[in-house]
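Colleague: Based on the provided sequences and hints, a complete structural model is requested.
There are 2 protein chains.
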Amino acid sequence: MSAIDSLLENNARYAERFSNGDLPVAPARRVAIVACMDARIDAAALLGLQAGDAHVIRNAGGVVTDDVIRSLTISQRLLGTREIMLVHHTDCGMLKFTDTELKDEIHEDAGVRPAFAMGSFEDLEESLRASIARIEASPFLPHADAVRGFVYDVASGRLREVT
Amino acid sequence: MSAIDSLLENNARYAERFSNGDLPVAPARRVAIVACMDARIDAAALLGLQAGDAHVIRNAGGVVTDDVIRSLTISQRLLGTREIMLVHHTDCGMLKFTDTELKDEIHEDAGVRPAFAMGSFEDLEESLRASIARIEASPFLPHADAVRGFVYDVASGRLREVT
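Protein chains in written order, with the working numbering: chain A, 50 to 212; chain B, 50 to 212.
Hints in this document: simulated from the structure, not taken from any laboratory.
These numbers were taken from a predicted model, which means no experiment stands behind them.
Just so it is clear, CB atoms sit at the ideal spot from N, CA and C, and this is done for glycine as well.
Any given hint could turn out to be false.
[As the list claims (entries may be wrong)] Cβ-Cβ distance ranges computed for the label pairs, FRET-style:
| # | chain 1 | residue 1 | chain 2 | residue 2 | range |
| --- | --- | --- | --- | --- | --- |
| 1 | B | ALA179 | A | SER205 | 38 to 48 Å |
| 2 | A | SER205 | B | GLU171 | 41 to 51 Å |
| 3 | A | MET50 | B | ASP148 | 38 to 48 Å |
| 4 | A | ALA61 | B | ARG162 | 39 to 49 Å |
| 5 | A | ALA166 | B | GLN99 | 29 to 39 Å |
| 6 | B | PHE165 | A | ASP140 | 26 to 36 Å |
| 7 | B | ALA186 | A | ASN69 | 31 to 41 Å |
| 8 | A | ASP54 | B | ALA179 | 32 to 42 Å |
| 9 | B | SER55 | A | SER51 | 23 to 33 Å |
Modeller: Structure below.
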């Protein structure tokens, strides 16, 4: 059985006991989370989010890319969020390669070199500060002042703020 | 108290009972989920994911953008995932505006017009098929054949496959 088929069986059980079918589209806590895609991060569990509470945006690294600015623009302008919480984490895969290494590997394997940045970084705190700066510099976000960055420790489950 | 401060209190309680501190970075089920950022979607709960099971990538709409291709490239090439599951959903905010409307509003308010697509769409199934096609056409993904698209019904909690 494929992994997806197994997850669909889980979903059938979830739907049987589902009871939150009438929540509004706008997030109740008016907050958007931007976190890494890492498999060890259960965003709802580690933040105690209930269904309907917050937008959750995730990509490789949890870095603020153009696509994250797009998502945050929609989150703030159309769906009323006011705060942004960035979550990077210890032992992140993005710390373990360089853009040049990965592009070389892809070039050799696929014959095409990605034109886009792969988003690797060397320092979690620096990457968080760069992501915060990208949000603050965006002309598209009406609420770019309430953004805070955190490192999630995958060994302890605890968030630490980076200032 | 800010929403973020409240979530940090939740995290302190989470960390007190945390017990999954030694999971590997590579996802155990070798699957990457691409889902909408919608606040009503608890990706781990609705798929029965355990910590360490799967990459979770999310943005406005759950559409496959360049940034999603970037994340999937890292997921497959560096962290061993093999299947991709796309999740759009009913009552999605992306169905309720057009790119032109939102860009006009931003232009008027901020004095700058976004050069990037906002990602709105008119039909969930068409958008899913377009996202699947983008994955299949990418030269960067070594495992672009095992991608499946689903609509999550926010009223029932149930996934429906789009073929």
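Colleague: Indicate, hint by hint, whether the structure satisfies it.
Modeller: Against the structure, the hints come out as follows:
no.	hint	in the structure
1	B:ALA179 / A:SER205: 38 to 48 Å	holds, 41 Å
2	A:SER205 / B:GLU171: 41 to 51 Å	holds, 45 Å
3	A:MET50 / B:ASP148: 38 to 48 Å	holds, 40 Å
4	A:ALA61 / B:ARG162: 39 to 49 Å	holds, 45 Å
5	A:ALA166 / B:GLN99: 29 to 39 Å	holds, 32 Å
6	B:PHE165 / A:ASP140: 26 to 36 Å	holds, 32 Å
7	B:ALA186 / A:ASN69: 31 to 41 Å	holds, 36 Å
8	A:ASP54 / B:ALA179: 32 to 42 Å	violated, 24 Å
9	B:SER55 / A:SER51: 23 to 33 Å	violated, 39 Å
Violated hints, listed in ascending order, are 8, 9; each of the other numbered hints is respected by the structure.
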